[in-house]
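**Q** Could you put together the complete structure from these sequences and hints?
In order, the protein sequences belong to chains A, B and C. Sequential numbering of the first sequence, starting at 0, is according to numbering that gives the first Met the number 0. Sequential numbering of the second sequence, starting at 0, is according to numbering that gives the first Met the number 0. Sequential numbering of the third sequence, starting at 0, is according to numbering that gives the first Met the number 0.
These aren't lab readings, by the way, just hints derived from the structure by calculation. Beta carbons: idealized from backbone N, C-alpha and C, even for Gly. Heads up, a few of these hints could be off.
What the hints assert, rightly or not - Here are the in silico distance ranges between beta carbons for each label pair:
#: 1; chain 1: C; residue 1: Asn400; chain 2: B; residue 2: Thr4; range: 45 to 51 Å
#: 2; chain 1: C; residue 1: Asn400; chain 2: B; residue 2: Lys96; range: 56 to 62 Å
#: 3; chain 1: C; residue 1: Tyr163; chain 2: A; residue 2: Ser215; range: 55 to 61 Å
#: 4; chain 1: B; residue 1: Thr4; chain 2: C; residue 2: Gly165; range: 52 to 58 Å
#: 5; chain 1: A; residue 1: Leu119; chain 2: B; residue 2: His2; range: 57 to 63 Å
#: 6; chain 1: B; residue 1: Lys96; chain 2: A; residue 2: Phe166; range: 49 to 55 Å
#: 7; chain 1: C; residue 1: His47; chain 2: B; residue 2: His83; range: 55 to 61 Å
#: 8; chain 1: B; residue 1: His2; chain 2: A; residue 2: Phe82; range: 48 to 54 Å
#: 9; chain 1: C; residue 1: Asn659; chain 2: B; residue 2: Thr4; range: 48 to 54 Å
#: 10; chain 1: B; residue 1: Asn140; chain 2: C; residue 2: His47; range: 20 to 26 Å
#: 11; chain 1: B; residue 1: Ser135; chain 2: C; residue 2: Glu29; range: 55 to 61 Å
#: 12; chain 1: A; residue 1: Leu218; chain 2: C; residue 2: Gly432; range: 55 to 61 Å
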Amino acid sequence: MKWSEIFTSSVGKKLVMGLTGLFLISFLVVHVGINACIWANDDGAMFNRAAHFMGSSYVIRILEIGLMAGFLIHIIQGLVLEFQNRSKRTVGYQVNLGNRGSKWYSRSMGLLGTLILLFLIIHLSQFWYPNRSHQGWLLGEELNLFDRMKTTFSELWVVIIYVLGCFSLCWHLVHGFQSAFRTLGVSNNRYLSMINNIGIGFSVIVSLVFAMMPVSMYLGWV
Amino acid sequence: MEHYTMNLNLKVWKQKNAASKGKFETFEVKDISSEMSFLEMFDVLNERLINEGKEPVAFDHDCREGICGMCSMYINGRPHGPWHGTTTCQLHMRAFKDGDTIVVEPWRANAFPVIKDLMVDRTAFDRIIQAGGYISVNTGNAVDGNAIPIEKEHADKSFAAAACIGCGACVAACKNSSAMLFVSAKVSHLALLPQGDPERKTRVLNMVTQMDKEGFGACTNTGACEAVCPKEISIANIARLNGEYTMAALSADNSHD
Amino acid sequence: MNGINGKEDDCNNDGDIKIFFSIQLIMPLESKNPSGPLDQKWTNYKGHCKLVNPANKRKLEIIVVGTGLAGASAAASLGELGYKVKSFCFQDSPRRAHSIAAQGGINAAKNYQNDGDSVYRLFYDTIKGGDYRSRESNVYRLAEVSANIIDQCVAQGVPFAREYGGLLSNRSFGGVQVQRTFYAAGQTGQQLLIGAYQALERQIALGTVEMFSRHEMLDVVVIDGKARGIITRNLITGELERHFGHAVLLCSGGYGNVFYLSTNAMGSNVTAAWKAHKRGALFGNPCYTQIHPTCIPVTGDHQSKLTLMSESLRNDGRIWVPKKQNDTRKGNEIPEDERDYYLERRYPAFGNLVPRDVASRAAKERCDAGYGVGTSKQAVFLDFSDAINRYGKIECSKLGNHNPTAEEIRHHGTEVIKEKYGNLFDMYEKITGENPYNVPMRIYPAVHYTMGGLWVDYELMTNVPGLYALGECNFSDHGANRLGASALMQGLADGYFVIPYTLGNYLADEIRTKEIPTTHPAFEGAEKGVAERISKLMNIKGNETVESFHKRLGKIMWDKCGMARNANGLKEAIAEIQKLRAEFWKNVRIPGDIKEMNPELDKANRVADFLELGELICMDALQREESCGGHFREEYQTPEGEAMRNDDRFMYVSAWEYQNGSGWELHKEELKYEEVKPVQRSYK
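**A** Here is the structure:
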């Protein structure tokens, strides 16, 4: 079996989704950890140090390219799958099964993913892009990201968009976390229920922490 | 159990043949006993239609005891109707009350084209089995049945997967029209037994390839299949298939290519 | 067939309706029973039968009709041998065949339980269970190959029930004293059929078998006295097709649906076998039908089929009726001393585990006498409260609770019953809406299996050369009554282990026969006949539906040729069926067109054949002036109401030859018992 055949089969495509999904989840752990530094009560000193670490090392910047690739593959593959799957039923039902068979968020991964993508574009254009271009795309001097956050999150509409983005992320993760493990072949029910619970906890905590950032700043808690 | 009779409105998909365009038609049925099965209610309707000189509604059915897998109605938005773990033929009219409107549609999936009215073509499932859903053993060269002891837990799990009746409700319920529950039930049935081991890798690879070729969608683990399966086949089988597939695909040697 | 014909019975009923049949007085039937001692016959046969070399096998085409256990196993095995096989079924997939619905298990003389089982004992039990009306040599072979079936199925991946040590588990079944039944929960038939189906699909993938699903066989083509092909209708397009084969195997199941209500699938039919019969194949023992004692009773006129509750339930359930006639109280409200456990009363030795025919007749006797229960009064109770109590006490004492409350006993007892029969109890509840853990089940006998079928010789060949019948379609192994868990055994024995040898013996002489083009006049003629009949049916344009005729036929059959039969009733039935048949051909209404999918037309084709078969069944029942197995003639019973055989006059297989348009001629194959001495069956 050729590699191309493996990764273009229906199971292979899902494998790609699962693997990139888990990779992105690991990125979220780093991201949420660094962001949580804003609550250190030191006017962003710790946060800026962490951000500087991420922006000033070639190792991490190379990893960043990998991250980008992960995002792109996950997004493109996800959209392709969504449209391919939809095309398998040309004539639909008069009455749909709806929530009687599955959770709405399980069926809405494409939609939730798209919302996250839109959010991501806004997010990158507000922080990542200005910072990296300020650095001249190399290891140049960085912006003070903490100050930038404060300014950005002083506007209500931005805060609302971020909270909605986190909301989408949460539901996307509730399904995606455990689904990734299933796709990787975890079939033992004991572990599956464990993974399911961990997944829910992870999704809620990570999304909540992310959402609290703009909220805290808007409300002047930091 | 108190028995009662009811009058119902049926909204049923009618389609002359695969090439023609279908539409919903509405029928009223009267004096339906709560003791009837759902298909017996359709028998009553068809008797009346024939007596009125109209075309009866064509639907697949055979054993009418929930095991052959032939019946296949999508009733009020759910494959096999409202009862859990039940085929259409075992659904009884106590599930409905007087005055209800019941919408009956065929399985919808491009891989299951409509043949007529509520009948669909499920031969894709047979072709998936042909791709590897068996153990290659010719008649006559088997060893003694007790020569291979099988761990009871594995035997029981294998049996639970083998209970699949191939009705296609999983495909009908899945938003992606994926056949993964069906395919994974067969892969699990055979992968869990030592007899199935020699062909374990080729089986899963070939069956998935055929499934894709037939035009079924990819699984996104929503669980709708498991929820509607009349034999309550576990979605854990799909995870097992995924694992089997990955191991088989990664360890495959393409030196002969 | 050059016997002496003579009209034996020309009785008049209702004016001018006549019953025509004649009896063949000398025995022309060659059973090809191999010589030698019984236990050497099959070995000798295999050692001496003719073979076909692999290069020739590729040139020989075989048609297999039906994909149940017999058909799927035969098609797969013959494909493996290298023959060119064409397989046909009317369902959408070969996996749907009605073998799939068998619940209880499959017998095999493995003696894994060390309880004294052997090939001889299985042979003996089957002969005795069949009330000494089957052929010894066939039954012995069946018992011999039974062990191979289990091995073959295990190798295919059939997930039989296993013990904790990983070895195969057995359960006991009616009418025998050893544990030899292999099972897969309550779905043994399904698992065995899936095994055979997978083997078949493998051959389809390898190209040795070509599959035609949604095809119904509507005639056999006979050329120069040999079966050479079939005519089929493509049920999707309505097109008639011609298929050539060097041999034709009919594996099309039984004809229980002649009774309209039965445990058979809705599509189960006699058409394939009947067409063969009309082309000259003899029909053996048509009157032997098995009425299974434990089915869910009829609820009303809407009933379309009956559902079996496995025989295994009689291990723990007790059957009873109220002592008072027309008692309308609920089962659980009737006190113990007002219950009549009539099986235990009448048959203390076997109690609730008497064979099927005995249990069925006893239930009918009670209901006819006015003791029936439920709204229809055509039901008896099958009660698990004793078993729940018994198991509950055992469980409580296992848990160290020596003074349990009634509630605790009930709880634990229910758990045990649930584990043993849970899926059957669920099925009962789905159908009836009653919870059988709380109220006794209501059950009544229903038509389940037909022991009769196409007459075949030792090689499973009918009297038409090249035409074979396997599984329930033939008459061969079960005599007048089949034991539980033996149908699956026979289907697979025929398909996996008998036909691969016996067919070769015939085909070895056919290697010079070139493929006959389907433009041959015999093919054209057969197709024309089928087309004419279909267009005749479609052009009746009468006022009554096919279903209605089928129901009316079923009622005649059940009332007059069901569990108990008598000469007057049978004569009436014959007259009524003849009248009904005439009415059918004048007044049936079939909607739709010929050249399209038309389930009503398919049904009409089948019911038209049932309307002929029904008459033959009654005729066979009429001529067999004795009671044996499933055939109970009221005139021939002991003072206690038990079946009374007449071995002097009726120790034969009745094999009926169709006489074009003028009834049937009876041939007899005398049954010679060399190993077993026939005795009166007693279960008291």
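**Q** With reference to the structure, classify each hint as holding or not holding.
**A** A quick look at each hint next to the structure:
1. C:Asn400 <-> B:Thr4: 45 to 51 Å: Check passed, 48 Å falls within 45 to 51 Å.
2. C:Asn400 <-> B:Lys96: 56 to 62 Å: 44 Å, violated
3. C:Tyr163 <-> A:Ser215: 55 to 61 Å: Once the Cβ atoms are compared, 59 Å apart, the range 55 to 61 Å for A:Ser215 and C:Tyr163 holds.
4. B:Thr4 <-> C:Gly165: 52 to 58 Å: 54 Å, holds
5. A:Leu119 <-> B:His2: 57 to 63 Å: 60 Å, holds
6. B:Lys96 <-> A:Phe166: 49 to 55 Å: 39 Å, violated
7. C:His47 <-> B:His83: 55 to 61 Å: 58 Å, holds
8. B:His2 <-> A:Phe82: 48 to 54 Å: 50 Å, holds
9. C:Asn659 <-> B:Thr4: 48 to 54 Å: 49 Å, holds
10. B:Asn140 <-> C:His47: 20 to 26 Å: 22 Å, holds
11. B:Ser135 <-> C:Glu29: 55 to 61 Å: Since B:Ser135 and C:Glu29 have Cβ atoms about 39 Å apart, the given range 55 to 61 Å is violated.
12. A:Leu218 <-> C:Gly432: 55 to 61 Å: 59 Å, holds
In summary, the numbered hints that this structure violates are 2, 6 and 11.
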